[in-house]
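**Q** Those protein sequences? They're chains R and G, same order as listed.
Counted from 1, the first sequence has number 163 at position 163 by full-length UniProt numbering; the numbering is strictly sequential.
Counted from 1, the second sequence has number 411 at position 411 by full-length UniProt numbering; the numbering is strictly sequential.
Worth flagging that the hints you see were computed from the coordinates, not collected in a lab.
Incorrect hints may appear among the rest.
[Stated by the list, open to error] Okay, derived cross-link-like pairs now, DSS-like style, lysine-lysine, Cα gap no bigger than 30 Å in a straight line: (1) R/K303 - G/K645; (2) G/K40 - G/K675; (3) R/K21 - G/K180; (4) R/K369 - G/K180; (5) G/K183 - R/K303; (6) G/K675 - G/K180; (7) R/K269 - G/K645; (8) R/K76 - G/K163; (9) G/K40 - R/K303; (10) R/K221 - R/K25.
[Unchecked claim] From chain R, some residues computed to sit far from chain G (all C-beta separations above 12 Å): (11) L23; (12) A84; (13) Q119; (14) N353; (15) L354; (16) E377.
[Claimed, not checked] Label-pair restraints from in silico Cβ distances: (17) G/N225 - R/Q236: 48 to 56 Å; (18) G/Q24 - R/L262: 51 to 59 Å; (19) R/F261 - G/N216: 19 to 27 Å; (20) R/G102 - G/E222: 20 to 28 Å; (21) G/A177 - R/S322: 32 to 40 Å; (22) R/D302 - G/K622: 31 to 39 Å; (23) R/S260 - G/A177: 34 to 42 Å; (24) R/R232 - G/N216: 42 to 50 Å; (25) R/Q116 - G/A602: 46 to 54 Å; (26) G/N216 - R/A84: 50 to 58 Å.
From a predicted model like this one, the values you see are computed outputs, not experimental measurements.
All C-beta atoms in this analysis are idealised placements derived from N, C-alpha and C, irrespective of residue type, glycine included.
These are the residues of each chain, in order.
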Amino acid sequence: MLSFIHAGDVHLGNPFTGLSKNLPKAFQDAVADAGYVAFDRLIQEAIQQQVDFVLFPGDLMHGAGQTARLQATLVKGFLALKEAGIQVVLSFGNHDYQAYEGVKNAWPDNVYVFGQEVQEKILMTRTGERVAFVGFSYRDRSERRDRLVDFPVRNESIDYEVGLYHGAVGQVGDDYAAFSIEEMLQKNYDYWALGHIHIREVLHEHPVIAYSGNLQGLNRKETGPKGALLVRDSGQGLEPTFLSLAPVRFETLEMTDCRSFLDFIGQLKQVEFDSTTLLSIELNGDIPAEMQADQADGRLLDKVQLALPESGKVWPIHIALSHKQKLVKPAFAQMDFDQAIRQTIEGQPLTANLSDEVPLPIRDYFTSKEGQQAVQEALEELFSEGGES
Amino acid sequence: MRIESIHISGFGKWSDVTFDFNDQWQVVFGPNEAGKTTVKAFILGVLFGFPKGRKAGNQLYVPRSGAQYGGSLVLSTKKGRYRVERLGRTKSTLTVTALDTGLEMPNPEKWLADLIAPLEESDFRQVYSFDESELGAVAELTADDFDQVLLSYTRPQAQRFLKWAGDREEEGQALFAQGKNGKRPLNLANREYQKLLAERPAEQEKYSRYQELLANQEALDEELNRSRTKEQSLLKKLSDQESLTKAWPLFEQAVKLKADAGSKKVNQQVQLETVQEVQRLEQTGNWLFEQQQANQKEIDKLRALLAQPQEKDQGQVMVNDSLNQLLNIQIKKQGLVQQLTNFAAQFDHGLPKALSKREQSELASSSVMTTTLGGIALVLAIVIVAVVSAPLGLGIGIVAAILLAKAYRDFQARQLIAERYQPFNMAEAIEKQEAVALAWQQQAQLQSLDQEAELAKKQLADNLVHYQIVDGEKLATWSTEQLVDWTRKWLQSQESTDTESTSRRLNELLTTGQTLAKKIDDQKQALSQILSEYGVRELKDFYQLVNEEKADEATREKGQLIHEQLGQERYEQLLSLFQEHGAESFARLEDELKRLRQDLQAIREDERGQQQQLANQQSEMKQLTADGGLAQLEQKLANQESDLKADYTRYLAKVLAKSVVNQAFLGQEDSLSKKVLEQASAYMAQLTKGRYQELELEKGRLFSTEDSNESDSKRTFQTAELSSGTRDLLFLSLRLALASTLHAEEPLPILIDDALVHLDEERREATLALLQEVALDQQILFWTFDEKLNTGQAINLLEY
Numbered sequence: 001m002l003s004f005i006h007a008g009d010v011h012l013g014n015p016f017t018g019l020s021k022n023l024p025k026a027f028q029d030a031v032a033d034a035g036y037v038a039f040d041r042l043i044q045e046a047i048q049q050q051v052d053f054v055l056f057p058g059d060l061m062h063g064a065g066q067t068a069r070l071q072a073t074l075v076k077g078f079l080a081l082k083e084a085g086i087q088v089v090l091s092f093g094n095h096d097y098q099a100y101e102g103v104k105n106a107w108p109d110n111v112y113v114f115g116q117e118v119q120e121k122i123l124m125t126r127t128g129e130r131v132a133f134v135g136f137s138y139r140d141r142s143e144r145r146d147r148l149v150d151f152p153v154r155n156e157s158i159d160y161e162v163g164l165y166h167g168a169v170g171q172v173g174d175d176y177a178a179f180s181i182e183e184m185l186q187k188n189y190d191y192w193a194l195g196h197i198h199i200r201e202v203l204h205e206h207p208v209i210a211y212s213g214n215l216q217g218l219n220r221k222e223t224g225p226k227g228a229l230l231v232r233d234s235g236q237g238l239e240p241t242f243l244s245l246a247p248v249r250f251e252t253l254e255m256t257d258c259r260s261f262l263d264f265i266g267q268l269k270q271v272e273f274d275s276t277t278l279l280s281i282e283l284n285g286d287i288p289a290e291m292q293a294d295q296a297d298g299r300l301l302d303k304v305q306l307a308l309p310e311s312g313k314v315w316p317i318h319i320a321l322s323h324k325q326k327l328v329k330p331a332f333a334q335m336d337f338d339q340a341i342r343q344t345i346e347g348q349p350l351t352a353n354l355s356d357e358v359p360l361p362i363r364d365y366f367t368s369k370e371g372q373q374a375v376q377e378a379l380e381e382l383f384s385e386g387g388e389s
Numbered sequence: 001m002r003i004e005s006i007h008i009s010g011f012g013k014w015s016d017v018t019f020d021f022n023d024q025w026q027v028v029f030g031p032n033e034a035g036k037t038t039v040k041a042f043i044l045g046v047l048f049g050f051p052k053g054r055k056a057g058n059q060l061y062v063p064r065s066g067a068q069y070g071g072s073l074v075l076s077t078k079k080g081r082y083r084v085e086r087l088g089r090t091k092s093t094l095t096v097t098a099l100d101t102g103l104e105m106p107n108p109e110k111w112l113a114d115l116i117a118p119l120e121e122s123d124f125r126q127v128y129s130f131d132e133s134e135l136g137a138v139a140e141l142t143a144d145d146f147d148q149v150l151l152s153y154t155r156p157q158a159q160r161f162l163k164w165a166g167d168r169e170e171e172g173q174a175l176f177a178q179g180k181n182g183k184r185p186l187n188l189a190n191r192e193y194q195k196l197l198a199e200r201p202a203e204q205e206k207y208s209r210y211q212e213l214l215a216n217q218e219a220l221d222e223e224l225n226r227s228r229t230k231e232q233s234l235l236k237k238l239s240d241q242e243s244l245t246k247a248w249p250l251f252e253q254a255v256k257l258k259a260d261a262g263s264k265k266v267n268q269q270v271q272l273e274t275v276q277e278v279q280r281l282e283q284t285g286n287w288l289f290e291q292q293q294a295n296q297k298e299i300d301k302l303r304a305l306l307a308q309p310q311e312k313d314q315g316q317v318m319v320n321d322s323l324n325q326l327l328n329i330q331i332k333k334q335g336l337v338q339q340l341t342n343f344a345a346q347f348d349h350g351l352p353k354a355l356s357k358r359e360q361s362e363l364a365s366s367s368v369m370t371t372t373l374g375g376i377a378l379v380l381a382i383v384i385v386a387v388v389s390a391p392l393g394l395g396i397g398i399v400a401a402i403l404l405a406k407a408y409r410d411f412q413a414r415q416l417i418a419e420r421y422q423p424f425n426m427a428e429a430i431e432k433q434e435a436v437a438l439a440w441q442q443q444a445q446l447q448s449l450d451q452e453a454e455l456a457k458k459q460l461a462d463n464l465v466h467y468q469i470v471d472g473e474k475l476a477t478w479s480t481e482q483l484v485d486w487t488r489k490w491l492q493s494q495e496s497t498d499t500e501s502t503s504r505r506l507n508e509l510l511t512t513g514q515t516l517a518k519k520i521d522d523q524k525q526a527l528s529q530i531l532s533e534y535g536v537r538e539l540k541d542f543y544q545l546v547n548e549e550k551a552d553e554a555t556r557e558k559g560q561l562i563h564e565q566l567g568q569e570r571y572e573q574l575l576s577l578f579q580e581h582g583a584e585s586f587a588r589l590e591d592e593l594k595r596l597r598q599d600l601q602a603i604r605e606d607e608r609g610q611q612q613q614l615a616n617q618q619s620e621m622k623q624l625t626a627d628g629g630l631a632q633l634e635q636k637l638a639n640q641e642s643d644l645k646a647d648y649t650r651y652l653a654k655v656l657a658k659s660v661v662n663q664a665f666l667g668q669e670d671s672l673s674k675k676v677l678e679q680a681s682a683y684m685a686q687l688t689k690g691r692y693q694e695l696e697l698e699k700g701r702l703f704s705t706e707d708s709n710e711s712d713s714k715r716t717f718q719t720a721e722l723s724s725g726t727r728d729l730l731f732l733s734l735r736l737a738l739a740s741t742l743h744a745e746e747p748l749p750i751l752i753d754d755a756l757v758h759l760d761e762e763r764r765e766a767t768l769a770l771l772q773e774v775a776l777d778q779q780i781l782f783w784t785f786d787e788k789l790n791t792g793q794a795i796n797l798l799e800y
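Just chain R, same shape as in the assembly (with noise of 0.2 Å):
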């Protein structure tokens, strides 16, 4: 019976984002090893589960995947893998299709690699079963084609037929090779292994279409456990199930009417967590006055980072002020703050306050919708003070 892990966007190498330089040690080594960690540990499941195949439907790597770290492990893993018996079924997505060219070529020979066109190719499970992969890599940072339509319907004559995409849902012509389920599910599949979304989902069941989500959280935005769909067939159909991989987890916690800066320590010290963490803590209902005063002054995160010990499981990386209230209009204001706000981030590039000295990154950043919502949320708090400093 095939069995399978379907592993999408891998991010190998890829930093992890929204943290700071001022990470304690521990979380630092934690954060350059996640990648690499979670990468070990997907070849060690695949090897217990002597699974047929491992399926990296895109987005394998961070770039084109130009370090020696990275080249060593996946060379190391995919090598493991070969001893075990097991092949590599691989395409290039939107981040490491640069990769095409160069480093597939150090791989050992139970990796197939698609070409940039749709490709199927049959491979052979351990008890003899044929099965067909169909798939692509792309050829540049976006495919706007309509891969889907050079998938071939089901080829009858062989045990299953399992599709590798990396793309999302969409219109046809938008930038990450846009499909429909409707269509894929004309295609009589067996299993769709979806990359490029991470966020785990099961599109579509009997047959199932999903997203594995990537194998480690990359930032604040990508909570819970992260990690591979190991996919087997039941009887009924080829069935994922979760492997939680990631050795580091991005979480998000609600927190509500703290009393004071101590009581919220207090709170937050309450909260267990199972594996190394860092977490973004949204604050809503009342706030007290001082914690709004430090966070108005960018101290809050600092604070409560100083309240928690360095050594432990979790390290906040984040704080957010819910605004339940809004700004009052002051008094013969023409309007309140916060349309204040708005008025004055839209009226105005803010790169204009920012010489050619601030790095490109940073500057592209609040041009950025998420940029100005970041200022926008800083004036907010600043306002929050009513103008008394």
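On the provided structure of chain R, position chain G as indicated by the hints.
**A** Quick look at chain G alone, frame taken from chain R:
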């Protein structure tokens, strides 16, 4: 809202005093130092809190009387009448009581704040409370500053927010300078980031280095493998050579043994079976000989037995012997008894005791002589006594007595012997002495024979029992006669059978002897036949021959063993070496060994070099893979980016705060400021008696339009162009317009403290008129030292 009355418990010079403000236009009169400003400060204090701390210029108004600090106001609002009481200076308590219900408000501070909301204390102080110094300061201001001050008065909170935002902007600028080469934290962080970014190409280089190393590693691996193969083959050669060299002494020995074995004549080989046959024959011969000997001995024995009386068996013999012994003793005893009986019969009194030596000597010496001698001596004694001398005669008389006594005793003894030997006389008795002694010996012999007989009987009985002829118990009951009789009968019954069986046995033995002799002949013949085959006649020669062969065999076997130990291949190698080089062979072996060892060392050094190179390379690769390389750098960059984003977000918020305030307050003309300006225009027209009709605000500047009396033409002046007197009026108009426009729902009282002293008479009159007009809509408390205003409704502080 109106302030109906105030009650001061203790505040500055005032204690326990109540002022009722009955009028909308309420003049409070008092000369300097009468406590006017104290009353105003009290009202503001109750509303917004008493002055705190020892800040410069802060007057604390500690009651001089020592009465309780504070007091209350009675306010009438649209919602009703309330008493607002604030007591205590450092820790004041505020109480607001609804006078209609008598209930206390739960949150008095909030109640107060709500009362004037959205205005705040600062607004109230700026707009509703003004004094002489403010108006005085107006004259000092430059035209631009005047605009700003006026504007700030039109938007009282804006100024506060602007100032606050200005502080934020400064903080922001402390974080980052727009100019190049700034040393502020974010400028430094930028540079740190750029520096890190500059490391990226080098990190990317590292990957090409890694690839290079990877390719190189394959070549090195191959090279090393070649070296290893070479080493292996050399090691094999070396080991072969070593074993050859080591084997040399053995080989030499083998060669020598072979030579030895070769030098001996080739013997006819004695088969092991033959040796075993000979040994078997020899053993058989020996055995047969022994058998023959034993047989002959038995024959001799039987012949002798037949020739002699029958031999009895042991028991029989012993019984017979012991019986004979017993019988012999009995016969001897009977003989002795007979002799003794016969001899003793001669004597009347039985066998007499033999004479002792003394008796014999006495008998021989004869008593006659003694008697005679005694008699003589007696006579002599009598003689001597009578004749010679008495003593001597006495002596001889004693001797005569002794002799006579002895003679008498002898006589008696002879009488006893005669009786013993009766019927024989003394002489006969002496003659018979020899026979008597013999008889007594026989008597003793008889006794010892009795003992012997007892012993013999016991011996016999023991034998009978010992040989299990008679049961011991049964035998114990038998008398000697019974025993002897039974034994005799048993012996007679035993003797008859033996002779026959002996003859038969002899015949058998003779037959056996013949068979044995035949077998011995056969054996000898067979043996000699075998021996003759090997050219020997004696057995010992044969064995010598066999031993010699055995030694020969051992040598051959040892040679074979060595050969085997060496192995055919090695043996042949050594042999060919030996055949080629003879005695020099060993030296040659050693030379080759040395050469191989040198080769091995050389290849091992190569290998070490290659391994070292490989190890270096692997360590470099490990370094390249371990330090994370580009990924680590990118993680660092990402972290710095994240910090920079957060820091710049904060920076941008700070520097944009002012823009936001401007946006909120100054962005657009609005209805409120229009209303204020309209009201101010109306007041200005009234104060200037229609000269200035219209005030306008344009791009942050205030313009006043003058109506020309002469024509329809209007002239517009900037504030800077106005005379100082007109500016005072403009200021007043705006303030009053604000005070009457803001908070229109619940107009707040205006507190004016000697504000008109700078105005000339005409303007003051106009102003007072305006104020009283305004007071129709909202309460005005007017503090003044102007006697003219101290009219009936005025409160004269001098009266309190």
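**Q** The structure should be examined with respect to each hint, and the outcome stated for every one.
**A** Status of each hint after checking the structure:
1. R/K303 - G/K645: 19 Å, holds
2. G/K40 - G/K675: 29 Å, holds
3. R/K21 - G/K180: 24 Å, holds
4. R/K369 - G/K180: Holds: R/K369 and G/K180 sit about 28 Å apart, inside 30 Å.
5. G/K183 - R/K303: The given pair, whose Cα atoms are some 26 Å apart, holds under the 30 Å limit.
6. G/K675 - G/K180: With a Cα-Cα distance of about 48 Å, the restraint between G/K675 and G/K180 is violated, given a limit of 30 Å.
7. R/K269 - G/K645: Holds, at about 28 Å.
8. R/K76 - G/K163: Distance of about 63 Å is beyond 30 Å: violated.
9. G/K40 - R/K303: 45 Å, violated
10. R/K221 - R/K25: 23 Å, holds
11. L23: Answer for R/L23: violated, closest chain G Cβ roughly 7 Å.
12. A84: Fine: 22 Å to the nearest Cβ keeps R/A84 off the interface.
13. Q119: Non-interface label on R/Q119 holds, nearest chain G Cβ at 27 Å vs cutoff 12 Å.
14. N353: 5 Å, violated
15. L354: 7 Å, violated
16. E377: 8 Å, violated
17. G/N225 - R/Q236: 48 to 56 Å: Hint holds: Cβ distance 52 Å, inside 48 to 56 Å.
18. G/Q24 - R/L262: 51 to 59 Å: 53 Å, holds
19. R/F261 - G/N216: 19 to 27 Å: Between R/F261 and G/N216, where Cβ atoms are some 59 Å apart, the hint is violated.
20. R/G102 - G/E222: 20 to 28 Å: This hint holds: roughly 24 Å between Cβ atoms.
21. G/A177 - R/S322: 32 to 40 Å: 34 Å, holds
22. R/D302 - G/K622: 31 to 39 Å: 37 Å, holds
23. R/S260 - G/A177: 34 to 42 Å: For G/A177 against R/S260, whose Cβ atoms are near 37 Å apart, the range 34 to 42 Å holds.
24. R/R232 - G/N216: 42 to 50 Å: With Cβ atoms ~43 Å apart, the hint holds.
25. R/Q116 - G/A602: 46 to 54 Å: 53 Å, holds
26. G/N216 - R/A84: 50 to 58 Å: 29 Å, violated
The structure fails to meet hints 6, 8, 9, 11, 14, 15, 16, 19 and 26 from the earlier list, while all remaining hints are met.
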